[in-house]
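Chains as they are written, first to last, in the numbering used here: chain A, 1 to 498; chain S, 1 to 366.
Just to be clear, a hint being listed does not mean it is correct.
Stated by the list, open to error - A short, non-exhaustive set of chain S residues, derived as facing chain A with CB atoms under 7 Å:
| hint | residue |
| --- | --- |
| 1 | K140 |
| 2 | Q264 |
| 3 | S270 |
Simulated from the structure, these hints should not be mistaken for laboratory data.
Cβ coordinates follow ideal geometry from the N, Cα and C atoms, glycine included.
Now for the letters of each chain:
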Amino acid sequence: MRQDETYNFFMNQPPKSSALIESLLKVLPAANLLWHKEDTAPYECDGLAAYRTLPIAVALPENEAQVQAILKACNQFGVPVVPRGAGTGLSGGAMPMAEGIVLSTAKLNEILEIDPLSRRAVLQPGVRNLAISDAAAPYNLYYAPDPSSQIACSIGGNVAENSGGVHCLKYGLTVNNVIKVRAVLMDGEIVEFGTEALDAPGLDLLGIMIGSEGMLAVVTEVTVRLIPKPPAARVIMASFDDMTKAGNAVADVIAAGLIPAGLEMMDKPATRAVEEFVHAGYDLNAEAILLCESDGTAEEVEEEIERMSAVLRQSGATRIQVSESEAERMRFWSGRKNAFPAAGRISPDYYCMDGTIPKKHIATLLNQIAEMEGRYGLRCMNVFHAGDGNMHPLILFDGSDEDQWHRAEDFGNEILEACVALGGTVTGEHGVGIEKINTMCVQFDEKERDAFFGVKAAFDPAKLLNPDKVIPTLHRCAEYGRMHVHRGRIPHADLPRF
Amino acid sequence: MTDLTNDFVAQIRDAAAAKAPLNIEGAGSKRWYGNPVVAQRSLATAGHSGIVDYDPAELVLTARCGSTLADIESALAERGQMLPFEPPRYAPESTLGGAIATALSGPGRPFVGGVRDFVLGMHVIDGKGDVLKFGGQVMKNVAGYDVSRLMTGSMGILGLISQVSLKVLPVPVATATLRFELSEAEAIRRVNEWSGKPLPLSASVWEKGILHIRLSGARAAVDSAVEQMGGALLDVSSADALWNELRDQTRHFFRDAERMNGGQTLWRLSLPAIAPVVTASQIPDADGQLIEWGGSQRWLWSAASGDAIRDAARQMGGHAVRFNNQHSGVETFAQPSAALMAIHRRLKQTFDPHGVFNPGRLYQGL
Ligand SMILES: Cc1cc2nc3c(=O)[nH]c(=O)nc-3n(C[C@H](O)[C@H](O)[C@H](O)COP(=O)(O)OP(=O)(O)OC[C@H]3O[C@@H](n4cnc5c(N)ncnc54)[C@H](O)[C@@H]3O)c2cc1C
Numbered sequence: 001m002r003q004d005e006t007y008n009f010f011m012n013q014p015p016k017s018s019a020l021i022e023s024l025l026k027v028l029p030a031a032n033l034l035w036h037k038e039d040t041a042p043y044e045c046d047g048l049a050a051y052r053t054l055p056i057a058v059a060l061p062e063n064e065a066q067v068q069a070i071l072k073a074c075n076q077f078g079v080p081v082v083p084r085g086a087g088t089g090l091s092g093g094a095m096p097m098a099e100g101i102v103l104s105t106a107k108l109n110e111i112l113e114i115d116p117l118s119r120r121a122v123l124q125p126g127v128r129n130l131a132i133s134d135a136a137a138p139y140n141l142y143y144a145p146d147p148s149s150q151i152a153c154s155i156g157g158n159v160a161e162n163s164g165g166v167h168c169l170k171y172g173l174t175v176n177n178v179i180k181v182r183a184v185l186m187d188g189e190i191v192e193f194g195t196e197a198l199d200a201p202g203l204d205l206l207g208i209m210i211g212s213e214g215m216l217a218v219v220t221e222v223t224v225r226l227i228p229k230p231p232a233a234r235v236i237m238a239s240f241d242d243m244t245k246a247g248n249a250v251a252d253v254i255a256a257g258l259i260p261a262g263l264e265m266m267d268k269p270a271t272r273a274v275e276e277f278v279h280a281g282y283d284l285n286a287e288a289i290l291l292c293e294s295d296g297t298a299e300e301v302e303e304e305i306e307r308m309s310a311v312l313r314q315s316g317a318t319r320i321q322v323s324e325s326e327a328e329r330m331r332f333w334s335g336r337k338n339a340f341p342a343a344g345r346i347s348p349d350y351y352c353m354d355g356t357i358p359k360k361h362i363a364t365l366l367n368q369i370a371e372m373e374g375r376y377g378l379r380c381m382n383v384f385h386a387g388d389g390n391m392h393p394l395i396l397f398d399g400s401d402e403d404q405w406h407r408a409e410d411f412g413n414e415i416l417e418a419c420v421a422l423g424g425t426v427t428g429e430h431g432v433g434i435e436k437i438n439t440m441c442v443q444f445d446e447k448e449r450d451a452f453f454g455v456k457a458a459f460d461p462a463k464l465l466n467p468d469k470v471i472p473t474l475h476r477c478a479e480y481g482r483m484h485v486h487r488g489r490i491p492h493a494d495l496p497r498f
Numbered sequence: 001m002t003d004l005t006n007d008f009v010a011q012i013r014d015a016a017a018a019k020a021p022l023n024i025e026g027a028g029s030k031r032w033y034g035n036p037v038v039a040q041r042s043l044a045t046a047g048h049s050g051i052v053d054y055d056p057a058e059l060v061l062t063a064r065c066g067s068t069l070a071d072i073e074s075a076l077a078e079r080g081q082m083l084p085f086e087p088p089r090y091a092p093e094s095t096l097g098g099a100i101a102t103a104l105s106g107p108g109r110p111f112v113g114g115v116r117d118f119v120l121g122m123h124v125i126d127g128k129g130d131v132l133k134f135g136g137q138v139m140k141n142v143a144g145y146d147v148s149r150l151m152t153g154s155m156g157i158l159g160l161i162s163q164v165s166l167k168v169l170p171v172p173v174a175t176a177t178l179r180f181e182l183s184e185a186e187a188i189r190r191v192n193e194w195s196g197k198p199l200p201l202s203a204s205v206w207e208k209g210i211l212h213i214r215l216s217g218a219r220a221a222v223d224s225a226v227e228q229m230g231g232a233l234l235d236v237s238s239a240d241a242l243w244n245e246l247r248d249q250t251r252h253f254f255r256d257a258e259r260m261n262g263g264q265t266l267w268r269l270s271l272p273a274i275a276p277v278v279t280a281s282q283i284p285d286a287d288g289q290l291i292e293w294g295g296s297q298r299w300l301w302s303a304a305s306g307d308a309i310r311d312a313a314r315q316m317g318g319h320a321v322r323f324n325n326q327h328s329g330v331e332t333f334a335q336p337s338a339a340l341m342a343i344h345r346r347l348k349q350t351f352d353p354h355g356v357f358n359p360g361r362l363y364q365g366l
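Just chain A, with the same shape it has in the complex (with noise of 0.2 Å):
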């Protein structure tokens, strides 16, 4: 650091971040540490770039005394810390805090090791999710969870949002995937959640920090399972011409004992708006598309995909067909993987909900999606995960026009609350962050929230550790529950009520 911008730093500063920066600096070198505001304005968002602040400060450490370091110095100054892997994450969860600092894992993206014969990867919270398949490729061996972000998001981001993929119906989600967590509690101490073998003594913490949402300790190094990689995989293409019978065949084919590696369903805005982008030959008649996969080995796929394809004709399925081909296979999914851009293209912007639901109210929700797009003046496409129910409606709308984005966040809370009286939850895979802080008021009552306060305290007693997030307080709900009144809940609300 030059002398005249610590001068200009220490002067423009609160007292208490001066000191903190002096002692980061202690622990960190000067590289490591950013607080410019051109250096820390890359950090002021995550995926979800409709919310946007800047830290302090951004750490980036290169091990874990570091980051022990870190923590230990924020402790003492009572600066709150808001962990980030790649940023990906959607629902705010790593959107820095005024008064905090944000540490980046990025400098943490070593792959320590990978044990073909215990199928176990060992790897630093940085690495991205493909490098880990990538590195197990040589022993036909990969990590399974696959969400579409995969390129980019990190194994810190994944556990802390439990992240899951197309093929997390049958391979299960990071939770089902992950075996041992090493991590560092906010006062610095070091603590290891699970063992290499299949359990821990004592209760299971693995299995609440894997979702925690950076809010328990911060990751430092996870232990996943590898598992081999199916020699075979075909998927089916099956239209149908009513929404209904498309969300009937998705039990279906569950009903009849079949377990699909992936069972993906586009509505027919999507399908277009896909078709447009990646010319993969969709049927841009039919009402719903769904992408039905079998893998293993050849004979066992021969075998599921007749099976399937016979559940998909009886389920009133107007035309079938199976990739014959990997390329063909590859280009059946290529819409499917690029739905995100496809809206992207159709619209300035596009708002990614992520509800679940019992997969019997697939049909209900998207019909009630589509009354509250007239009611919106919002168009909604949906590509989703059928096979676990999980809802991604990518809600456009242009980001230009405030009311417009205002509009958007209504509709997506009103989706969100839909899939809560549909007996679903407000967030299958992306997180709650800061985003869904609000519709968590709708799905839980305040002494399971209360019940989630004292887990975050559990690990973290001086709640620095990404604190507003995830768990909204008695007051925010409040306010919520006021704000909806005002939103037309109930009937004739512009007029005054006395």
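Starting from the structure of chain A, add chain S with the ligand where the hints point.
Using the frame of chain A, we list chain S with the ligand on its own:
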């Protein structure tokens, strides 16, 4: 088919007010598992029974904690589905609540998953008598901390698990069991090698020089694996008997009266799958083991002290669980680190501030 929630709430509030802790009991079939509970009163869950919701197409079953595993499994079997984690049925009346609270998993653990992998949500009555709902009936749910998983295997020390939603799976179309004559070391190596190949392994056990492998899945997958792997095919009834004896621990090994009367204790070693063979020089009497879970679960009888066995297990990257009551005074479970123990205590304080539930059962003083 009764809902005793209100009754439980009253009992819990009364216990909290009277400072009289409760011993939560289902069928009592796992009473011996864990440390003895320090409580005069007991809370019986058996009456709180019944399947609340089961939709085979959702792969989700929701039932009250006092439902018997037998009733649940027969309802599932009618629709061609099963509890994938194959919990031990120590008694015909063993309850669902007990299976979830102990989180004991069957022979398929490393291949199919354990109890924790199939718990989707639950209703818990905490130590203040409040009914809390966590998770839900859907496959993917990351709203709030995963408290259901925290409760799974908590030995009832945090709250009363009153209702559980589970992910269930279809019964595999085909199964087959293969038999191989192999040394212990060779068996462990082979299972791990096979596990890295696209073969439909669903269980393994090695005992007295014989390795048995169970295969489950699509007919074609099982058939081609049988051809590839070699070994001798076991007939269906012997195979069923074998896997049931392991699942329910009715096999002679687990009930070896001679060893028990000789002052030995049964230990469960939870180790990395590829940990080397545990020898008698590490743990006295360690020869004659039964090895499951592809090498991750090793059962042995020993007269050695609990400390010696736990140290050996820790050195191998795992931990040891005392599996019967022969040596009173020895804790059942290994102690986590001091930092983790502090988290345990604070979690206990959050969910059970008056110390009503199962005091001591997981750890003394908790
Ligand atoms: C185009 C796109 C597609 C996506 N598709 C999917 C999908 O299919 N499935 C899915 O589940 N998600 C998906 N996501 C969401 C996102 O990629 C995942 O949530 C991912 O796991 C986030 O990882 P990250 O490294 O970017 O974490 P960040 O965004 O950097 O952080 C996410 C959370 O993790 C915490 N965190 C990060 N690192 C650590 C650590 N070392 N210790 C403690 N806490 C930490 C942060 O505080 C924050 O709360 C998608 C996102 C995008 C942009």
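Checking each numbered hint in turn, tell me which of them this model violates, lowest number first. 2
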